[in-house]
Each structure stands twice: as structure tokens, then as C-alpha cells.
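Model the placement of chains E, C, S and P on the given structure of chain B, informed by the hints.
For the record, the sequence lines run as chains B, E, C, S and P. Using my numbering, read the first sequence as starting at 1 and increasing by one per residue. Using my numbering, read the second sequence as starting at 1 and increasing by one per residue. Using my numbering, read the third sequence as starting at 1 and increasing by one per residue. Using my numbering, read the fourth sequence as starting at 1 and increasing by one per residue. Using my numbering, read the fifth sequence as starting at 1 and increasing by one per residue.
Hints are computed from structural coordinates only; laboratory data are not their basis. Careful, some of the hints might be misleading.
[As the list claims (entries may be wrong)] Lysine-lysine pairs mimicking BS3-like chemistry, simulated, CA-CA at most 27 Å apart: (1) LYS379(P) with LYS127(E); (2) LYS215(C) with LYS86(P); (3) LYS129(B) with LYS9(B); (4) LYS86(P) with LYS92(S); (5) LYS90(E) with LYS166(E); (6) LYS215(C) with LYS379(P); (7) LYS37(E) with LYS65(E); (8) LYS86(P) with LYS204(C); (9) LYS207(P) with LYS8(E); (10) LYS86(P) with LYS277(C); (11) LYS127(E) with LYS86(P); (12) LYS166(E) with LYS37(E).
[Said to hold, decoys possible] Just so you have them, the derived chain P footprint on chain B, three or more residues with Cβ under 8 Å: (13) 9 to 23; (14) 101 to 115.
It should be emphasised that the depicted structure is a prediction, and the values quoted were computed from it without experimental measurement. Each residue gets a CB set at the ideal place from its N, CA and C atoms; glycine is no exception.
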Amino acid sequence: MEILYFFAKTGFYATALVTLAAAILVVTLRNLFHCALALILSLLGVAVTYLYLKAEFLAIIQILLYIGAIMTLLIFAIMLTHRLTDRSVSQTNRQSLPAFALLAVFNIFFIASLAAVPWKINSASLAAKIDTQALGAFLMGPYVFPFEIISIVLIIALVGAVILGRTDQ
Amino acid sequence: MFGWGVLKGMLVTLWNFLLTYLWPKKGIFTVQYPEKKLPLAQRYRNFPFLVYDGTPHMIRCVACKICESECPPKCIYIIPEKDAEGRVQKKPAVFDIDYAICMNCGLCEEVCPFDSIFMDHEYEISKYNRAEDLMVRKEALLKPWEYFAKIRPHDFERIEAKRAAKSAKAKPVAPAEKPSQKPDAGPTSPQQGSVPKNG
Amino acid sequence: MSLPCAPTLKTELLEVSIGPQHPSTHGVFRMNAVLDGETVVKLKPVMGYLHRNHEQIAETLPYLANMPYTDRLDYICSMTNNFAYALAVEKLAGIDVPERAQYLRVMMAELTRLVNHSLLIGFLLNDLGAWFTPVFYAFREREKILDFFEAVSGSRMMCNYFRFGGVKADLPESALDQVRRIVRDYPRFLDEFERLLAGNEILKSRCQRVGILPKELAVNASITGPMLRASGVNYDIRKADRYSIYDRFDFRVPLGMTGDVYDRYYVRVLEMRESVKILEQVLKQMPEKGDILSAKGLQACRAPRMWKPPAGDAYGRIESPKGELGFYLVSDGSPKPYRYHVRPPSFINLTVLEDLCIGQKIADAVIILGSIDIVLGEVDR
Amino acid sequence: MTPIPLNHFVIFSLFLFSIGLYGTLTRRNVIGILMGIELMLNAANINLIAFSRYISPNPETGQIFVIFVIVLAACAAAVGLAIVLAMYQNRKTVQAEDIHILKW
Amino acid sequence: MAETIDQIFVLAKDRFLDLLGIVLPDWIILLVRILISIAVLLAVAPVVMMYMTWLERKVLGRIQNRYGPNRVGIFGLLQPIADGIKMLTKEDIVPKNADQVIHFLAPVVIVIAPLLVLAVLPFGRNMIAADLNVGLLFFLGVSTFGVIALFMGSWASRNKYSLLGGMRAFAQMISYEIPMVLSVVPVILVTSSLSTAAIVEAQLGWKWFIFTPWGGFAALVFFLCGVAEVNRTPFDLPEAESEIVAGFHTEYSGMKFALFYMAEFISTFAISGLAVTLFLGGWDGPAFLPSWFWFGLKTFILILIMIWFRGTLPRFRVDQLMGFAWKVFLPFTLANIFIAALWALLPYPKNFIADTIGITVILTLLQIFNRKETPKKRKYLYAN
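So here's chain B without its partners, still in its complex pose (with noise of 0.2 Å):
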């Protein structure tokens, strides 16, 4: 059996290479199209990622909003806003030298203080098992503020979206 710990451990590692590769050409390639593919790549991973920490309702609700919702309106608005023809003009603008080094010193800083920081690990919540109906009973009960408060706002963001989609006749 550990070899099969050893095997899923080893997939985690695998899963975070892919998903950082592909979080690389969201960023680097030209073709937004190709960009946004990438990013679905990318969610992907971390909706896998999400396995790993025992979330799967997350996971679930990961693919089917962001790559099920969030992408496909990404895509659209690709679609809508460029022609099929189109040339691929340069996408980035003269900052990415110095964002480079900014966040590689940014990166190199937090590495380090990582290091140094001893987490607590809560064993008790590191074993739990957090089924949907219990992130339901919680939604429903300590968090029902928050939750009545973003379905406002989702509407507000739908309404504002639709308004801001319209031309002005």
C-alpha cells in the first residue's frame, strides 16, 4: 500500500508542474485563445489540487464554474472581441523585466521567511471528512450572512454585466 501513497504523492508534484507550466503560457503566449486553453489546463490542476486536500465538492464546483462558467464567457469575450483572422500583435507591454525581478525577489523573500515559519498542524482537521451536506449545513447555518450577501452581490454583478453589455440605443 505506501507505494500507492508514493504514487499519489508523486502525482500532487506532477499535477503542480503542469498546472504552474500552464499557468507559464497563459502568461507568455500570444494567441489569447491558446491562453485561455492554457488556463483551463491550469484550473484543472488545481481543481485536482483540491482532491489532494480532500475538498472534492470544491473540486466538482471548481470545473463546473470556472471552466464550465468563468471560461466560457472568457472565451466569448475572445471571440467577441477579435476576428478570426486577426494577426497576433505583441501582447505584452515593456514591464515584464522589471515585474520579473520584482517578483523573483518577492518570491526568494517569502521562501525564506516560509522556511522559517513552524506550522501547527491540526491533525484532528487534517483527518476530517467534510461530505456536502455538512458544507451545506454550514452555509445554511454560521455563514448564512455571507452567503445571502454574495447572492446579492451575483445578482448586482449580473444586473451591471447586462446593463454594461447593452449599447445605448
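The following block gives chains E, C, S and P in isolation, referenced to the frame of chain B:
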């Protein structure tokens, strides 16, 4: 209620579906082609063929070139035979029909004064080569008069009667000289035949 | 440009060339459509892919030799094409037609109308996306009529049956029973079609209020045939001109109210019922025996190369299933026509395509084209 | 069996966040910027779940917050893309540097 | 005996694993257990697809008074194999301007989704490849991949027809996913579970949800949305051959084209299977026949109905299609959730009455609000 008409239409298709199993004779109207073939109507016309009496040497055609000139798409090509002295004989040396051009109108059959060219019932004539294979020569066009009797018995009777009357009336007259003078009755007894001949 | 269903989102216009190789352009017809999303904002019909020089060929041929060529104009209704051409030449040369031949002609014309209309409805449904079922039902019935045509004229579609002053041949023995059977069974088939289609809500909502052709436009664009009558204009050449012997039959002309695709479809269904009525009367009134070719006609058909009509001109027209089909002939006294012109109903009806399609969805453009009922052989000639 | 160390999740999400930020900083196209933002939000989500799973006494909290974040991301995407579309209709451009007058 | 036949596949698998267990370590057995399920699904799915094409052609032929394929093998049973060989040997044409990589990836990605969702379908008692506790959501979530793959294909072809088809597919599938999910919600509400196996368990003993007032209509809506989701007539706009040639797969040929078809047919099968699972009692049925037979029979009937649709109905127009989803299905399914809640809350005779009233009210309201769009009957004049 929305959807009622859709249901009614679906019942029609369901009925047709069931009919093909319950009563295949009425339900299915396709014919399994290479195994089964539909009977052809007698007047069915496809491509023309030439008639000979008895042996293939006795071609009925006299190379009068009427069909050649009447053919609307000009698919017939005739050269009359010449004897040793170069006199034109009443027999075609070359009789070509380009099936690729022929449009099966049947006018050649209608205008022929000698009952020598008729429309065939043969329709399985697919070929691989359009230029050579569909240019049909005299030899391939020839078919016996009995064949015509087989495919079109009605017309056969009519034409036989007409020919018999003609040969009895004017035995010595060479038929190729003035075809338009022939005072045949034409289509006066039309329920028998298909083509009002100008014979 | 303000459109009836203007989209609220402005996007790039997309130019799509529908055809010449396209499943639903009924041949090699091309529509250059400019689409805004799914909506047609501009549509330019392009035709001529099937141009065969028909009129020019006819001017190089004797009069009769052109008869088989007229079969190929509207290859679904070759009988009516022959009819119109024969009428024109008869008018030109003053040829009379015997009684029985007149009835045979009307019979063939009305049978052709049944063929054409049921086929059109089948293919209209195909354009609507019903996967070939109505087409096959129409084929099933058409097959019987084509069998009859084959028995009579020798060919199923390229009949070449009419002659100047009559028809090519009389009916063979059992052919009359064949027609009786067709006339008896056709209403049953029409009822089946009705059950399958007329009540179908999808078809109704697809066709109603789509591609409306207003009365004035229809008249101004000289639209004829069922398309004109669907717009509510009472004009049927069988009634207006009473050519041949149409004045002897009792039939009605169905008229539509709105002139949309649904009316065009349904007027044809009703016309088929009227055609069946005419056929019944033909069967009742037709003389048992009689000449099928007048003496003058026989002259014209005996040696086509020699026959010379008097100089002059003539226009023969009939109500073909698609509209007014006319042939205009100018003769200079030689065996060949000096000028020969066809008035093809498909082509003239097609001229309003752009007016009908603008502002509709692309799917509607396809069914509007289908409801106009074109045959490319006739449009391009 | 030992679980995957928490730091690995955090570093993974850090990299993801950095890449997203890089994209946001360097992209000229507004939709590209939005994609970068989506990446950053995802990185945050991983962190939320990982920390709640490993450290928090209530492991549900993180997941519920992730749900909220996903909903907010959807809102952001919807509104953002609507703005992009409106921009494109009016100015025929989706390049960020061309959109600088802060009005239609 | 009946029990054995019922469980024959499960027993066979166990026996096989037992045999393997003699020689191989535990972890390999675990892997093999998973791999067997995957292998069976992967092997069965294409066969199902092939014979669905045969069935469709046969039934359509019969509907149209024809024979359908009957040349290759008896009853044309080998026809799908001949088609497969033809597809494999056909030239694979890639347009010159196409996006090569994505053009290649699209047909590959599109078959993944319908193959994955088969894993959560209970084909019989104990015959489910993966009994996830979010099985239903898994099904709905993974099927969204199809949209992306479709769009990849349509975009990469660089063809305007493809693009139009892709856009239509996009809009249609998103629109219909909402009423589809909402029509499933009452089932989740009543069974309080997302696991497909548990949903079937809840319907055992002829308590199929289709027999309840809310379930009947929800099943209808779900089925119609499913038909729309897999792009079949009357909702086959993305590949409407009379309008946009072949839609998103215009530029595909050979095996890639076959993969598109495979995806369509497998998802047809999967959607029918899910409808059976959710509303028609899954593998429940009289015990004299095995459970997998009942599941197969019900799925087969639903597939037949889809083919029947295809043989009869014309297709909708794009705006009517959207209107149908947003103006009819969506309000109805939303109301249906309340109706189902009433059913769950009230005792037996009362809940039936309440549901009937609720459904009548919502249907009447829909009729009234949509009367502008409903077609009218017409009268025709005759002139003499």
C-alpha cells in the same frame, strides 16, 4: 396546448415505422436494387441501339443521316460505306453514338424512316472511362430485331404491321431516296404504339 | 441601419458565402450573406453556376429539337415546361390541338403540380431540419406518378412528351387505372402529411411571421405562382388566361393572408387538393378515344428540320407549379427560331430573396429560399 | 503515511500567484489581465483550503470561503468582461494602455 | 440463480481478482480493480456507440419506409465495423490555416468527457465504477468539458461555418445546462444525496420519481434539456446541416470526425442513462430479470425516443431555442423545486393535491406569458 401537434406528427412516423414491420409490402417502398429490379415500362427509353435483321451484316440502317442531323445534342456520327469505286452504299461504315452526350430524348427513333434505331432498355452501362468507353461504336450498338420484340412487344407488332404493308405496296422502291414522301398513316391508331412515325 | 430584431451587442460582421456547395441551396446557388451574429444584414444572391446557354442553344435548333431541352429547365416539372413551349409554338404557327390531347395535357400538368408541390414541401422540411422523413414520404407518392410518366412517355423525369398540336403518344393500356389510383390515394397522403406537419408547433413557430412578402412588393417584383397567391393576390393564369381547356374545370384558388413562409407552404398544400379535384374532373370528362396529334402538328413533328412556321412572334404561358412560365418566340420563317426567350418563374421569384431575408436569422434565410421554390436548372438556364 | 507538507501547497500557490501577478503586470490585453487575476484568485483558494485543512480547527471554513471567492470571481469575470465588451464597442480596442481617459 | 445472473459481472470481477490475489501483492490488486472498471467502460463505450449508429440508421430507415443498412452482415449488423474501417482509412484533412495543435486536440478532448461521466452511472446493482458522493455533480461538471472541446474544434478550423456552429453550441449548451441542473435539484432535495447509487436506492420498489407529479415534469424537462445538451434533433443547431453545413465539425474528416460522432453518441447514451437513474428508477425492475437488463432496457427506450424525435421533428431556430430554455424551462424548473419541496413536506393525499395545483398554476402562467410566441391557427380564403 403546445406540443399536441408534435405528438400527432410523431404518431404518424410511429405508424410508418410499425407498418414496415407489420406489412412490409405496403410499408417499405425501396427496391433492393442489384437483386431485384423494377419492371420497366415498355416505352422506357435509355440509349439508342441499331437494329439488324437476322445476322449482324444485315443492318437496317441505310446511313441516311437523318438522325444525325435531327439529334439535338449531336451525339450521332455516321459515315456511309463506300464500295471499291467510291460510290456511297446504303450501309453505315461508321456509326458512333457518344453516350456521354446523348440525352435520351428519343428523337432519333421518332424521325428514323427505316425503323432502324430504337431506344434501349439497358441501363447498367457504367464505365470507367468517359472518353473511350462511352463512345459506342457500330458493333456494340447492333442488336437483333428479336431483341426489340422482347423489350417492346407492342411497338414491335405495330412496326411489323407497318413494314409488312409497306413492302407489299412498294416492293421495288428503294427506301432511302425520299423518306418524307412515304404516305404512312402515322399515329392514326395511337393506342397501340408510342411513337407517331413519319415512316 | 435599424433592424426588426436589432441585437443589443454590436460585434464584427461576418461575411459568409452560403453555397455554391451547400446542402440547402437546392443546387449550385450562392448567397453572399453578411451576418451580424445570426442575423442577416445583407444578402446577395449569386447565380449562373448552372448556366447552360439554353436560349442560345434553342436558337440553333429546329423547333421540335428544343423540346427535350425544355425538360431540363425545371427538371422536376418537365411536363409543364413542355406544355408552355408547345403552347408558344402552337400560337406561333396556329396549330390546333385535338380534344383528347388537351385532356392528356391538363392531366400531365396537374400531376406535375402534385409532384412539384409535395417534393417542395418535403425539401422545405429538410431545410427546417426534419431529417428527410417528409422528403421520403413525398418521394413515395411521387414515385407512383413518375411510374405513370414512365409508362406514358418513356422517361421518368425528362419526359419530352408534348408535341406541337398534341402529345407524343396516347396512354398505354393500363395507364388510366394508374392515374385513377393516384387520384384516389393522393388525398390520403395529403392527410398524412397534414397530420405530420401542419399541426407541428415547431414548424409553425419556425415558419409563421418569417420572410413576409407584402402584396405590393410581390406585385411590383412580378412574383407569380403560389408565392404571389400566398401574399393574397388572386392571380392564377389558369383562371386569368384560361389557356388550353382550363375553363372547363371547376376549381378554386387558395389565397394566403400574410405571405410568410407558412402561407407559402400551406397554399401549396391547398393547391394540391385543388389539383386532385381537377384530375378527378379530367378523368370523368376525357373522351375515350380520339386523335392525340392534329394534322398540322403532325407536319411539324414529322421532319423537324424542314418545318417552317410563319414569321412573327408569340408568347405562350402557363401556370407552372412555380409560377408563370412563359416562352417567347420570334420566328423569321426559317426552321429555327430567330429569338427564343424563357420567362422562368423560379428566377423572377428569386429576385425578392434579399428583401425577404434581411433582418431574419440565417436559419430563416435558408427556409425562405426553400419556400420560394427554385430549381437551379430554371434559374440559370 | 505522511501527508504532503503544508509548505509545498503554500509554495505551489505562491508560484501560481506570482505567475498570475506577472501576467497582470505585463499583459497589454484587458482579457489577458483578467486571466492573470483568475490565476491569482485560484492561488488564494489553494491557500485557503490548505490552511484550513492543516491548521484551522474548523476545516469547513476555508472551503466555504473558497465558494465565496469563486462566486466573486464569477462576478468579476462577468462585470469585467461586460466592461471589456462595452469598451470594444466604443473604442474598438482591448489594449489596456489605450484606455486611459477614464470615461467613455 | 437469479441473484447470480444479477451479479454476474460483479462476481466475475471478484473471482478474477481473487485469482490474481494468489500471486500479486495488495496494491496491484487495488490498481487492477480500478483498471478493470476503466477497461470495461472504455471497451463497452465504443461498442455501444457503434451499435447506436446502426440502430439510429435502422430506425430512421424504417420511419422513412426504407430498410436501413442491410448489406454488411445479417440485418446490416457489421455495418458499424465497415464504417469504422472506412473512417480509419480515410484521409485526414487539416485545413492549411487551421490551428494545427488545437485542431488535433479537440476531438481527443471531446471524447474524454462522455467517457468520464460513464464512471458514475449505476449500470446495475453494485455495478457502478466509482460511487462518488458528489457523483451527480461530477456528471454535470465533467460534461461541461464537451463545450470547451467543441469550441476548440470550431475555432481551430478557421471556418466561418465552424465558428457559427461553435458559437451556437456554446450558447445552447450553457443555456440548457441551467434548467437541466435545476430539474435535477428536486431529486437531490428528496433523496438528500448527490450519489447516483443512493438516488437509485431511494427509488427501489416502484417508487420511481417519474410517477410523482413533480418528477414527471422534471423528467420531461431533464430529458429535453439532455437532448439539447447532446445536440440532437430538434435542438441540433450546432450541426444543422441545412444551415451551417456541419457546424463545428465541418473541417474534420476520417478518424477525427468519427471521434466527434463517438462523443455525441456516448453522451447520448450517458444522458439517457442519467435520466433513467434519476427518474426512471435506475436498475430497479421486476426481479425475474437481472438489474443490468432493466437499466439497459430503459436506456434503450430513451435512446429510441431520441431517434424518433430525429425522424419526426424539424429543428428550432436559434432564438426560439434560447427562448425555450429561458422562458419556459427555467421558470418551470424553478417552480418545480418548490413543488417538490411541498411533496416532501406534506403527507400523502395532501401533497398530491398541492403538487397538482402547483403544476397547473405554473403551466397556465407559462402558457399565458408565452402566448405571444405560440403559433396561431390560420384560415385560408379561396378565390374562384
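How does the coverage statement for the stretch 101 to 115 of chain B fare against chain P, requiring three or more residues with Cβ below 8 Å from a Cβ of that chain? The restraint on the stretch 101 to 115 of chain B is violated, since only 0 of its residues have a Cβ under 8 Å from chain P and three are required.
For the pair we were handed, LYS129(B) and LYS9(B), check the Cα-Cα distance against 27 Å. Since the Cα atoms of LYS129(B) and LYS9(B) sit roughly 19 Å apart, the hinted pair holds (cutoff 27 Å).
Straight-line alpha-carbon gap LYS215(C) to LYS86(P), limit 27 Å: Given pair LYS215(C), LYS86(P) is violated - Cα atoms ~53 Å apart, limit 27 Å.
Given the hint that LYS127(E) pairs with LYS86(P), test it: the Cα-Cα distance must not exceed 27 Å. 24 Å, holds
Taking only the CA atoms, is the gap from LYS86(P) to LYS204(C) under or equal to 27 Å? Violated, at roughly 40 Å.
Test coverage of the stretch 9 to 23 of chain B by chain P using CB-CB distances below 8 Å; three residues minimum. violated (count 0)
Please verify whether LYS379(P) and LYS127(E) have alpha carbons no more than 27 Å apart. 55 Å, violated
Restraint check for LYS37(E) with LYS65(E), where alpha carbons must lie at most 27 Å apart: 36 Å, violated
With a cut-off of 27 Å on the C-alpha distance, tell me whether LYS166(E) and LYS37(E) pass. It is violated: about 38 Å lies between the C-alpha atoms, which goes past 27 Å.
Regarding the pair LYS215(C) and LYS379(P), is the alpha-carbon distance no greater than 27 Å? 18 Å, holds
Does the structure keep LYS207(P) and LYS8(E) at a Cα separation of 27 Å or less? Violated - the C-alpha atoms of LYS8(E) and LYS207(P) are around 30 Å apart, more than 27 Å.
Within a Cα-Cα threshold of 27 Å, do LYS86(P) and LYS277(C) meet the stated pairing? Roughly 51 Å between the alpha carbons, so the hint for LYS86(P) and LYS277(C) is violated.
In the structure shown, a violation is registered for the earlier hints numbered 1, 2, 4, 7, 8, 9, 10, 12, 13, 14, in ascending order.
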